[in-house]
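S.K.: All chains should be modelled from the sequences, with the hints used to inform the complete structure.
So the protein sequences, as listed, match chains R and C.
Numbering-wise, the numbering used here comes out as the position in the first sequence, counting from 1, plus 24.
Numbering-wise, the numbering used here comes out as the position in the second sequence, counting from 1, plus 17.
Among the clues, some could well be false.
[Said to hold, decoys possible] Covered by chain R, according to a simulated footprint, are these stretches of chain C (three or more residues, beta-carbon under 8 angstroms):
#1 99-107
#2 504-511
[Stated by the list, open to error] In silico negatives: residues of chain C with every beta carbon more than 10 angstroms from chain R:
#3 Arg21
#4 Ala53
#5 Thr82
#6 Ala91
#7 Asp94
#8 Asp138
#9 Thr234
#10 Ala252
#11 Glu268
#12 Pro334
Calculated directly from the structure, the hints in this document are not laboratory data.
The structure displayed is predicted, hence computed values, not measured ones.
For each residue, glycine too, the CB sits at the ideal point set by N, CA and C.
Chain residues, written in single-letter form:
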Amino acid sequence: MPERIVTVVPEDGLHARPGATFVETAAESDADVQVGHAGSDLVNAASMLAVTGLGVERGDEVRVVAEGAGAEATLDELERVLTSPEDEL
Amino acid sequence: MPRRLSGVGAARATGAGTAVWDGSEPELGDPPAADAVDADAELERFEAARNAAREGLHAERERATDRLDDAEAAVFDAHIQFLADPQLAEGVREGIGDGLPAEHAVNRAFGEFLARFEEMDGRMAERADDLRDVRDRVLRALTGAARDDPADLPAGSVVLAERLTPSDTARLDPDRVAGFATVTGGRTSHAAIFARSLGLPAVVGVGEGLREVAAGTEVVVDGSRGRVVVHPDAATREAAEREEGAEVRAEPVATADGTPVEVAANVGRRADLAAAAEHGADGIGLFRTEYLFVDRASPPGEAEQYDAYREALGAFPDGHVVVRTLDVGGDKPIGYLDLPEEANPFLGERGIRRSLGPDADVFETQLRALLRAAATESGGRLSVMVPLLATVEEVIETRDVMESVAADLGAAGEAYAIPEFGVMVETPAAALLVDALVDHVDFLSLGTNDLAQYVMAAERGNRRVADLADPRQPAVLRAIETAVTAAEGADVRIGVCGEMAGDPELTALLVGLGIRELSVAPTAVPRVKRAVTQVRDDAARDLAERALAADTHQGVLDAICECGE
Numbered sequence: 025m026p027e028r029i030v031t032v033v034p035e036d037g038l039h040a041r042p043g044a045t046f047v048e049t050a051a052e053s054d055a056d057v058q059v060g061h062a063g064s065d066l067v068n069a070a071s072m073l074a075v076t077g078l079g080v081e082r083g084d085e086v087r088v089v090a091e092g093a094g095a096e097a098t099l100d101e102l103e104r105v106l107t108s109p110e111d112e113l
Numbered sequence: 018m019p020r021r022l023s024g025v026g027a028a029r030a031t032g033a034g035t036a037v038w039d040g041s042e043p044e045l046g047d048p049p050a051a052d053a054v055d056a057d058a059e060l061e062r063f064e065a066a067r068n069a070a071r072e073g074l075h076a077e078r079e080r081a082t083d084r085l086d087d088a089e090a091a092v093f094d095a096h097i098q099f100l101a102d103p104q105l106a107e108g109v110r111e112g113i114g115d116g117l118p119a120e121h122a123v124n125r126a127f128g129e130f131l132a133r134f135e136e137m138d139g140r141m142a143e144r145a146d147d148l149r150d151v152r153d154r155v156l157r158a159l160t161g162a163a164r165d166d167p168a169d170l171p172a173g174s175v176v177l178a179e180r181l182t183p184s185d186t187a188r189l190d191p192d193r194v195a196g197f198a199t200v201t202g203g204r205t206s207h208a209a210i211f212a213r214s215l216g217l218p219a220v221v222g223v224g225e226g227l228r229e230v231a232a233g234t235e236v237v238v239d240g241s242r243g244r245v246v247v248h249p250d251a252a253t254r255e256a257a258e259r260e261e262g263a264e265v266r267a268e269p270v271a272t273a274d275g276t277p278v279e280v281a282a283n284v285g286r287r288a289d290l291a292a293a294a295e296h297g298a299d300g301i302g303l304f305r306t307e308y309l310f311v312d313r314a315s316p317p318g319e320a321e322q323y324d325a326y327r328e329a330l331g332a333f334p335d336g337h338v339v340v341r342t343l344d345v346g347g348d349k350p351i352g353y354l355d356l357p358e359e360a361n362p363f364l365g366e367r368g369i370r371r372s373l374g375p376d377a378d379v380f381e382t383q384l385r386a387l388l389r390a391a392a393t394e395s396g397g398r399l400s401v402m403v404p405l406l407a408t409v410e411e412v413i414e415t416r417d418v419m420e421s422v423a424a425d426l427g428a429a430g431e432a433y434a435i436p437e438f439g440v441m442v443e444t445p446a447a448a449l450l451v452d453a454l455v456d457h458v459d460f461l462s463l464g465t466n467d468l469a470q471y472v473m474a475a476e477r478g479n480r481r482v483a484d485l486a487d488p489r490q491p492a493v494l495r496a497i498e499t500a501v502t503a504a505e506g507a508d509v510r511i512g513v514c515g516e517m518a519g520d521p522e523l524t525a526l527l528v529g530l531g532i533r534e535l536s537v538a539p540t541a542v543p544r545v546k547r548a549v550t551q552v553r554d555d556a557a558r559d560l561a562e563r564a565l566a567a568d569t570h571q572g573v574l575d576a577i578c579e580c581g582e
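M.R.: Okay, structure coming up:
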């Protein structure tokens, strides 16, 4: 299954705008996407509640796993969200 | 009798008015018997309410974009995603399946996640506020309960609330609402951040005592001191109203006896440049360059920084622009700088220590941009200062780096000039060494926030020791006096750029101590300028003498209070 391990760049971590953009991207993808702290349990990346509940902050390492149609393209896009400074989202 | 309640000041502004309680949580009665509920109809009601809430959120986001910074308006993007969450919809459907009407099912589903968020540490309290905000929006759509529209509040109201959600706060109109105070919440809560953005007087986290304040009571919300005064006396009220109405003075000011005092602005983000100019600042006394460095994957290049410094000079065609070089440490994560985790980042490798150490490349690039900006037409007004200085060696080394950057620029045929050079006096070491530092610098700037923290070994953000980390502590005043006396003896300029400078009640004290340059938050410029014009030089010197003679915190406070009349 394609996956990425990414260090989170945006100041707000996976909250506020970066969180919303991340979840929206995952929800709109045809692939089934899961996310979690590297080395911990994964949650549904299309759920804002689940993603917020991870408490991901800037500088954290997260693991994103995708399965299904367009998995690689979805991961590219999600990696971009996780590594872009907030004002470029 | 006036009564004082203390909390956390959110915005450095003061407002007086009549208390109005905001009860924002819709009330739900007991659920009816399960067999009385038509599940299909309830599901339809839920979907309709969710659609209505979504439309409302999009409208809220539009409004917020007009009134708040983009980053703050983005809070509503998160709300839109919470509302669309599949787990939440699933929870509501389950509740309806269990025989609950839609509003009770919504309440239960949100409640589970709220409980989970509230158990977690740190910023999750704010996420819980977000979730409550979304829940209440759906509940209002279901129950048809109209929310109190803050636009209907009588002008001059002070809004009191258990907590204010982002939606509540974003709707407060600074032209109608005199301020707000909440029982819960901290400095980083949405309510506090929005208040700062709107320039609205606010005190959050006041605690239980606030609940006893009845609607209709006269109150003063003092965001500068984190204080709510209930039944204020006439003097307190008038002072608050005066402070609200301070006019903008574009020209430099002097004391009542004609001693000129520069009132410049602290700038920590690009938008502050315009705000500083609008509020009549004489220049920039502290340009915090961190904002150029955070939130990105690599450091800003020389050209980008050069443009930023020129922009700052352009915003103040007649004023000084004092740029502080990058001030980061283990408490401010910047991914590309590889900041170490330290047990005590405030006593670790930060400020100039990093610039002369692991961030030498970043420092050189910053100095190149500064030296080139100093060579432009208006560059003579540019100064450079370095943070967290503790030794004379650090100053000498910094000057050496600057000389070698200048030599490189010269060799490459680039135009450059060596700007005026100064250091922050924010460690006790620097304050004690001013008599030696003056041989190596053109000016000094007292960072009273850090100086108070380091002199008193007490962190300002920690409520339990906040009284200790007060610049009005005798030990801090004496450190300031030591520095000012040594600087005056060598004829080296010394200013203050901490929050102390922005408190109009302390202006006379600082002038009396010999300070002639103040740098304050942009919105504080008008009231500090007005305070300067009211200072009588001899009275200010007497005040400084009495404050320095005081051996206790209370003694200093009494000295300041007596003179405030």
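S.K.: So, for every hint listed, does it hold in this structure?
M.R.: Results of checking the hints against the structure:
Coverage of the region 99-107 of chain C by chain R holds [criterion: at least 3 residues with CB-CB distance below 8 angstroms; count 6]. For the region 504-511 of chain C, the stated coverage by chain R is not satisfied: 0 residues place a CB nearer than 8 angstroms to a CB of that chain, which falls below the threshold of 3. Every CB of chain R lies more than 10 angstroms from the CB of arginine 21 (chain C), the least distance being 35 angstroms, so the non-interface label holds. Remark: the non-interface label on alanine 53 (chain C) is consistent with the geometry, its nearest Cβ contact in chain R lying 30 angstroms away (cut-off 10 angstroms).
Every CB of chain R is more than 10 angstroms from the CB of threonine 82 (chain C) (nearest about 12 angstroms), matching its label as outside the interface. Distance check on alanine 91 (chain C): its Cβ comes as close as 4 angstroms (rounded) to a Cβ of chain R, failing to clear the 10 angstroms threshold; non-interface status is violated. Listed as a non-interface residue, aspartate 94 (chain C) fails to keep its Cβ farther than 10 angstroms from every Cβ of chain R; the least gap is roughly 4 angstroms. The claim that aspartate 138 (chain C) is not at the interface with chain R is violated, since a C-beta of that chain comes within 10 angstroms of its own (minimum 8 angstroms).
Listed as a non-interface residue, threonine 234 (chain C) keeps its Cβ farther than 10 angstroms from every Cβ of chain R; the least gap is roughly 36 angstroms. Once the 10 angstroms rule is applied to beta carbons, alanine 252 (chain C) is consistent with being away from chain R; the minimum gap is 42 angstroms. Distance check for glutamate 268 (chain C) against chain R: the nearest CB is about 35 angstroms away, which clears 10 angstroms, and the non-interface claim stands. The Cβ of proline 334 (chain C) sits about 28 angstroms from the closest Cβ of chain R, beyond the 10 angstroms cut-off, so the non-interface label holds.
In summary, the numbered hints that this structure violates are 2, 6, 7 and 8.
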